[in-house]
Amino acid sequence: MKRWIATTPWASRGLILILMALTLLPFLSMLSAALAPSGTYPSGLEWPEAPAWGNFARAWEVANMGALLWSSTLIVLGTVPAAVLFATMAGFGLARLTAGRGRWFYLVFVLGLTLPFEAVITPLYYEILALGLLNTRLAIILPLIGLFMPFSVYWMRAHFLNVPADLSEAAQLDGARRWQEFLLVQVPLARPAIMSLSILLFLWTWNQFLLPVVLVQDPDRRTMAGALGAFQGQWGTDIPLLCAGSLIILAPTVILFLIFQRQFVAALLQVAVKG
Amino acid sequence: MAGLTLRDVRKTYGGAEVIRGVDLEIAEGEFTVFVGPSGCGKSTLLRMIAGLEEISDGEIEIGGEVVNDVEARDRGVAMVFQSYALYPHMTVAENMGFGLRLAKVPKPERAKAVEEAARILQMEHLLDRRPAQLSGGQRQRVAIGRAITRQPEVFLFDEPLSNLDAALRMDMRMELAALHRDLKATMIYVTHDQVEAMTLADRIVVLDKGVVQQVGSPLDLYDRPVNVFVAGFIGSPRMNLIEVRVDRADAAGAVVSGADLAERAIPGLRVEAGETLTLGIRPHALRAVPDGPLRGTVDLIERLGHETVAGLRLPGGAQVTAALGGRTPLKIGEPATLDFDDEELHVFGPDGEAIRFRD
Ligand SMILES: Nc1ncnc2c1ncn2[C@@H]1O[C@H](COP(=O)(O)OP(=O)(O)OP(=O)(O)O)[C@@H](O)[C@H]1O
Ligand SMILES: [Mg+2]
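Quick mapping for you: the protein sequence lines, in order, are chains A and B. Taking the working numbering, the leading residue of the first sequence gets 1, the next gets one more, and so forth. Taking the working numbering, the leading residue of the second sequence gets 1001, the next gets one more, and so forth.
Rather than coming from a laboratory, the hints here were simulated on the basis of the structure. Because the structure is a prediction, the values reported are computed rather than measured. From the three backbone atoms N, C-alpha and C, an ideal C-beta is built for every residue, glycine too. There is no bait here: all hints are sound.
Cβ pair distances, simulated, as ranges: (1) A:P188 with B:A1111: 20 to 30 Å; (2) B:G1014 with A:F209: 43 to 53 Å; (3) A:T23 with B:E1071: 53 to 63 Å; (4) B:V1070 with A:E127: 44 to 54 Å; (5) B:G1015 with A:A165: 19 to 29 Å; (6) B:R1010 with A:L97: 18 to 28 Å.
Construct the entire structure; sequences and hints are all you get.
Shown next as structure tokens:
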């Protein structure tokens, strides 16, 4: 790090500082708004004279964050591992075990990539209704797993396509059955791809707003992002509380980011490169 | 250990036939080398034996059993890949023991087999490393070790040394030869390097365009190539090929001449007058003499110490390479004359097939 600073020209250093400021500005303005007295309308980026730290505690209470945190965690645990598992198996199958006609399967998944989330929300509502799952967490988990499949399968297939065929052949000659090859050779090698996918799916699940709001009436069974609705009371929106709540909701992703920084960056870079 | 039989084996990709009816018998314990130019189908044939490519037509037998419909993992073959194909996430020991682990061999036995293979290949000190921490030669050793631990019926090698530098390649070549002596296993080895083929093989199979050109011991192929292709492919430097016409022919032999060759009698050769032939003369069969049938201008001299490789441009345009004594006083740009013995002469008919005229 020291070296980097010492050798980077002033111009690029300045540019990076400006970029950092631009990125942080919205967060800072959220923080300053969150610290304004509850019920007021804070005007832009302005440090309040008496920071109302209590807003965070109130936001936590108003939105029932404790329950939501638990609910979000359950939804993530229900969605991400299952989606990653299915995608890994399907990606391997589509990359390695299908030829000729099997390619149509893949096209179906790719087609799914072009489908906007919002377009399926109404049919989804009736589907969930028919299944009798409305107002349960499964109403979020099951559709999410399905909606994540096109991207996830595409992602894992791209990874498996890049694993040299030699390795697979060596495993076969070593006596491995397909599932042994998959579990003992392919999955360990796919760990970076699986890790990145898990992180992306976690982010998308955590930040899921539309699905919970439409399919789950009980706010305590939604995701944390869905909790933002709680701040739109009958008497209008309480901006400081909304900001405080948003910051609380952001916190887990920020903490996760700090832990898995490297994988995060790798994952996002891959999205950028692969499209 | 087992022998192999290939019966009219064919492989088509789309409409293109790349293996066109190969018949081959490989004895138990034999070291067989498939050799041929790039794209001739060596790897394809090897991979069909391994079970990695479907057999379009014909039959492959391993140890007396037809294996056309047997999965690769059940054929009892082990393969060493050109790319090594080591599992990057496993240590050397795990790589080598993977096959035994899949076969549910108990751990202590597995460890013993791995150590034994490591001892044979002198790489006990590498067992705990990952493939990424090894040099190319060491990786190749691990790949061979992985094959050894499984004690397969047949070893298959697809150009295993082509990613190594020349010196290492020679070392590994000698080690492979020693390995074959020790294990006495059936081995099939693919290469396009004819020196590897000559030095390692009990028997060489020369392939061209998906067809077996000749099968024989290294010296067999060197002394009695059946056609122009094999003649040109086996031996280094390459055999010189010179076009001639038959001037006269009778029961005693024939007299030939051409743009590049002064009149020369070939006793015992039975051909028709007027036919076009190709004469083949190995560079090492040529001698520099004051007066001989081959006259040309020296345009290449490579002094290697123990010998001098000279290139001669003949009047008809042909280029002839001669491997001469180490101190030959030839100079570039000067004329020279070469001669050869009748015993060293190969004759090929207009169709490229060898015409036998001795013995
Ligand atoms: N999957 C494939 N589809 C179509 N053609 C193929 C396929 N694999 C190989 N071929 C063709 O089959 C022929 C033989 O290929 P092969 O790999 O056996 O050659 P080789 O003798 O091993 O050559 P090299 O020395 O370059 O490795 C080539 O002409 C190649 O283009
Ligand atoms: Mg090849």
